[in-house]
Amino acid sequence: MSTEKAKFPDVTGYVGFANLPNQVHRKSVKKGFEFTLMVVGESGLGKSTLINSLFLTDLYPERYVPGAAEKIERTVQIEASTVEIEERGVKLRLTVVDTPGYGDAINSQDCFRPIIQYIDNQFERYLHDESGLNRRHIVDNRVHCCFYFISPFGHGLKPLDVEFMKTIHSKVNIVPVIAKADTLTLRERERLKRRILDEITEHGIRIYQLPDADSDEDEEFKEQTMILKASVPFAVIGSNQLIEVKGKKIRGRLYPWGVVEVENPEHNDFLKLRTMLVTHMQDLQEVTQDLHYENFRSERLKRVGRDVEDETVDKDKILLQKEAELRRMQEMIAQMQAQMRMKPADNGDGH
Amino acid sequence: MSDISVNDQLEGIISDFEALKRSFEVEEVDQTPNSSVSSRRGPTPPLRSTPTSGHRYQDLGSRFADPTSKQAEAPNAKSPKSSVKRIEITGPRHPEPVSRRAEISIDLSSKQVDGASHGVPKIGLKRAELLGHKPPEMVPRRTEVSGTKLQEIASRRLETTGSKFAESIPRRTESSGPSLSEISPKKVEIQTPKHQETPVKPVENSISPHINYQQKQEVQLERAVTETKVKIQNSAENSSIKPSIMSESSRDATVKQSMQNEKPEFENFGYVGIDSILEQMRRKAMKQGFEFNIMVVGQSGLGKSTLINTLFKSKVSRKSVEGTDERIPQTVEMKSISHDVEEKGVRMKLTVIDTPGFGDQINNENCWQPITEFINDQYETYLKEELTVNRKKRIQDTRVHCCIYFIAPTGHSLRPLDIEFMRRLSKVVNIVPVIAKADTLTLEERAIFKEKIRNDLQEHDIDVYPQRQFDEDAEDQLINDKIREMVPFAVVGSNLEYQVNGRRILGRKTKWGTIEVENMSHCEFAYLRDLLIRTHMQNLKDVTSSIHYEAYRVQRLSEGNEFSNGIAEKDMNSNM
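Chains as they are written, first to last, in the UniProt record's numbering: chain A, 1 to 351; chain B, 1 to 576.
Any given hint might turn out to be false.
[Said to hold, decoys possible] Per the computed footprint, the stretches of chain A lying under chain B, defined by three or more beta-carbons under 8 Å from a beta-carbon of chain B, are:
no. : stretch
1   : 101-107
2   : 330-342
[Said to hold, decoys possible] Only pairs whose alpha carbons sit at most 35 Å apart, straight line, appear in this in silico DSBU-like list of lysine-lysine:
no. : chain 1 : residue 1 : chain 2 : residue 2
3   : B       : K511      : A       : K229
4   : B       : K511      : B       : K384
5   : B       : K482      : A       : K272
6   : B       : K452      : A       : K248
7   : B       : K509      : A       : K248
8   : A       : K246      : B       : K511
9   : B       : K284      : B       : K482
10  : A       : K248      : B       : K511
11  : B       : K509      : A       : K249
12  : B       : K393      : B       : K349
13  : B       : K452      : B       : K511
14  : A       : K229      : B       : K393
15  : A       : K166      : A       : K246
16  : B       : K315      : B       : K335
17  : B       : K393      : B       : K287
18  : B       : K287      : A       : K246
19  : A       : K166      : B       : K335
20  : A       : K222      : B       : K427
21  : B       : K509      : A       : K246
22  : A       : K272      : A       : K27
23  : A       : K249      : B       : K511
24  : B       : K427      : B       : K393
25  : A       : K248      : B       : K450
26  : A       : K272      : A       : K31
27  : B       : K509      : B       : K452
28  : B       : K349      : A       : K272
29  : B       : K511      : A       : K222
30  : B       : K450      : A       : K249
31  : A       : K91       : A       : K222
32  : A       : K272      : B       : K511
33  : A       : K249      : B       : K482
Calculated from the structure, these hints are not laboratory results.
From the three backbone atoms N, C-alpha and C, an ideal C-beta is built for every residue, glycine too.
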C-alpha cells in the first residue's frame, strides 16, 4: 500500500495553469495601465511636438510659448498633463510631465531642483500609500521614464546636461534623445551619437539599458532588440503636419530642398524610439519599482531610523536629570523632617 | 523722356566730360597690372595714350570689334580703375546681342572682393541674367538715361531688382566719405545684382562720368565718388545707361555722332582734373591694403567657424588653424586669428576673433564681460596710439568692426542670454544677428521666428546693424530698410562641395535633399555675404570708427578730465 501511495499519478493530461498569463492579461487589461513620462530639455528642442507625434494626440492644445522677456523672469515649472488612450481594448493612462523653463535662464544652477523635488514627491506619496492601511487603490504617479533632450547643435553634451543627468540617474530611467535630428547629416549624426555615449561613460552616468532579449524569444525580436540597443541615443524628428509624398499623406517636414519623413527609418530614429517605448513600457515600470523606488525607500527609511535614535538618547538624559531631581527632593524632605523633630522637643521643654 | 531731349542733355554733359574720360583712360592703360586688362585694352593702347576724339572712337570701334575678348578681360579687371563697366551699345547690335551683353559685367567682377577664383563664373552668371532680361528693360532704361539722376536710376534698379539693396549702395559711397578705400569694397556690389535680373550693374568708377560721356554707346555704370558726384548726377543719363540701352542702336548712333562732333571743341576747356584724386586715392589704398576685424559670438556648435570659412571661402577660422578641439572651456576665451587675403590685387588683413565658451556653462552670468573688455581694449589701444606725441602715419586698426551673433534656431524666440548680450554690446560694436543652422526650420517657421526676434529686439530697444539712427539720407534709409526687413539672416554654412545639376556647389547633403548654401531660396547666406563683404564692409568700418570709437573716446577723455580736475581740487582743498 505504502508503495502505491508513494507513486505519483501520471501527468498525462493538461492541467491548465498555462492559462495563468491569460488571466493576468485579462485582469491587467481591465485594470488598465499607467505610465508617467517626463520630458526634460531646453526650450525650442521640439519636446512637445515629439510627444504629440509619439502618441498621436494633441497633449498641448493651447500652448502658450512665452516671449524672451518673460523667460528672463521665469523659473522652472512642472506641468503634468494626463490623457487616457485606448487601443484595441487596452487602456493606457499616460501622464506627461513637462518642465518648461529648464535651461532658459542665464544662470541655470537651480533649474534641476524643482524637477528633483517633483520626482521625490511622487516617490514619497507612493511610499506613504504603500505604508498605509488601505492598499487597494494605490495610484502610481511615479515617474517611470525621463526623455532627456540633447541639442543637436552642440558638439556633444553640455555641462548642464551632464550635471542634470548625474543628479537624476539614480532616481529615474533616463533615455537620452537627440532632438531636431534633421539638422544633422548622417555622418554628423553618427559622430554625435558616439560622442554622447563616450561622454556618458566618461562621467559615469547610468542611462536606461535595454534588457537583452531572452534566449527563448524569436530571432526577429532578438534582432530588433539589438538594433535598438545600438541606436541609443535616438536621433528623432517630430511633426504632426501631414505632407503629401508620392501620393501618400505622411507626417513630415517640408523644406525647399526636400521632405523629411518622420516615420522613415532612414531619415531618423523616431520609429525605433516608439518601438522601444511601447515594447519596454513594462520593463521601465519594473525598473522604476525595483531599482529607483527601492533606492528611494531605503534612503528614506534610513533617514527616519536616524531620527528615532536621536530621541532615545535624549530620553536617557531626561531620566538622569529626573533622578537627580528626585534625590535632591529626598534630601530636602529629610532635612525638613529633622527640623520638625527638633521643634516639638523645644516646645515640650518650655512647659 | 524723349530721345531728343535726352540727346540734347547728353550732348551738353558729354562735352564736359569727354576730356576727363580720356585722361582717365590714359591712366587706366598705364596702371592696369593685370595682363588681362591690358590685353583688353590691348587693341587700343596707342589710341588711349592720346586723348583725341578720333582715337576714342577708334576705341569704340575696337571695343565693338572684340566684345568677347573684353569680356574675358573684365573679370580680371583693371585694378586701378574702379570698376569700369563698359556696356557697349553699338550699332551692329543685333547680330551679336549676346556678346555685347557679356560685356556688361566686364568690370564688375574686377571689383569684387570675392574669392579670386570666382570672378569669372560670376560674370558668366551675370551675363546670363542680363541676357535674360534684356528686352523688357532696354527701353525703359534708355529713357532713364536721359535726364534722370543717378539716384532715380538706382531706385528704379531697386524696383527691378527687387530686394537688391546693393544697387543704391554705390550711391551711398558717393555721399559718404571720399575715401577711395570705399571704392574697392563697393565694387563688390557689382556682384550682388548678379543674382537678380537687373542688368544694371552699378559700376564704381571714379572715371565713370567721363567714360560715359565719351561713349554713349557704352553703357557704363560708374559711380563717381564725392568729387565727381555732381558731375555724375548731371551726367546721370550717361552713366545710367544701362545695358538695356544697348538695344537702342539708332539713338546711340546719333548720339555718338554728336559726341564725335563736339568732342574736339570742348576738349581743352572746362576740365581741371580734380576728380583724378579719386584715382590717386585708389592707388594709395590698393598699396596700403585694407583691414577688417570680425568677431563671432555664439554657443558652441552653432557653426561659427564653418560660417566664417564659407564667407571668406578659405580656412580662416580658429578651428582650421588650431585643429578641432571641441571641448568646452571653463570661461569665455578670446582667440584672435589674422590672415592676409588677396583678391585681384586687393590685399586685406582679415582678423577673425572667436569666443569659445560663450553661453556654454551652467551659469552664464557675465559671460559677456570678457567680450566687452576685449572690445574696449581695442579702442583703448587705438586711442593711446592716437594720443601719442609721435604717432605713426597709419595706426594699425584692431578695433572690432563687426560682431556676428549666432542665434540658436529654436523657433520660439530669443533667449534671455541673447537679449542680455545684444543689449549690452549693440552700444559698443556693430552687431549682425544671424540664425545659425537654419536648415532646421521650414520656411514658415523661419518667417515666424524672424518676426518674433525682430519684435523682441524692438521691445528691448536693441539696435542692430544697420542702425536706424545712423542712416545718412533717404537712399541709405531705403537700402537699410530692406536689410532690416531681412535681419536676422537665416544662414547655413558648409565646407563641403557636392555636385548638383552638374555644378559643384557648397552644401549639405542629407537623405532627403541637398541644401545649397548659395541658393537664395534655401538660405540667406548670400545676402549676409553681400552685406558684410560686398556692400557694407566699408560702412561697417566707418560706423565703428566714427561712432562707436568716438563715443568711447569722448567717454574716456572726459573721464580723464574729471580725474585730473578732481585731483586738482583735492590739492586745492588740502592746501587750503
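Against the structure, the hints come out as follows:
no.: 1; hint: 101-107; result: holds (count 4)
no.: 2; hint: 330-342; result: violated (count 0)
no.: 3; hint: B:K511 to A:K229; result: 23 Å, holds
no.: 4; hint: B:K511 to B:K384; result: 56 Å, violated
no.: 5; hint: B:K482 to A:K272; result: 46 Å, violated
no.: 6; hint: B:K452 to A:K248; result: 34 Å, holds
no.: 7; hint: B:K509 to A:K248; result: 24 Å, holds
no.: 8; hint: A:K246 to B:K511; result: 16 Å, holds
no.: 9; hint: B:K284 to B:K482; result: 33 Å, holds
no.: 10; hint: A:K248 to B:K511; result: 19 Å, holds
no.: 11; hint: B:K509 to A:K249; result: 24 Å, holds
no.: 12; hint: B:K393 to B:K349; result: 18 Å, holds
no.: 13; hint: B:K452 to B:K511; result: 31 Å, holds
no.: 14; hint: A:K229 to B:K393; result: 67 Å, violated
no.: 15; hint: A:K166 to A:K246; result: 46 Å, violated
no.: 16; hint: B:K315 to B:K335; result: 15 Å, holds
no.: 17; hint: B:K393 to B:K287; result: 14 Å, holds
no.: 18; hint: B:K287 to A:K246; result: 60 Å, violated
no.: 19; hint: A:K166 to B:K335; result: 32 Å, holds
no.: 20; hint: A:K222 to B:K427; result: 61 Å, violated
no.: 21; hint: B:K509 to A:K246; result: 21 Å, holds
no.: 22; hint: A:K272 to A:K27; result: 29 Å, holds
no.: 23; hint: A:K249 to B:K511; result: 19 Å, holds
no.: 24; hint: B:K427 to B:K393; result: 29 Å, holds
no.: 25; hint: A:K248 to B:K450; result: 32 Å, holds
no.: 26; hint: A:K272 to A:K31; result: 28 Å, holds
no.: 27; hint: B:K509 to B:K452; result: 29 Å, holds
no.: 28; hint: B:K349 to A:K272; result: 51 Å, violated
no.: 29; hint: B:K511 to A:K222; result: 28 Å, holds
no.: 30; hint: B:K450 to A:K249; result: 29 Å, holds
no.: 31; hint: A:K91 to A:K222; result: 27 Å, holds
no.: 32; hint: A:K272 to B:K511; result: 18 Å, holds
no.: 33; hint: A:K249 to B:K482; result: 38 Å, violated
Hint compliance for this structure: hints 2, 4, 5, 14, 15, 18, 20, 28, 33 are broken, all remaining hints hold.
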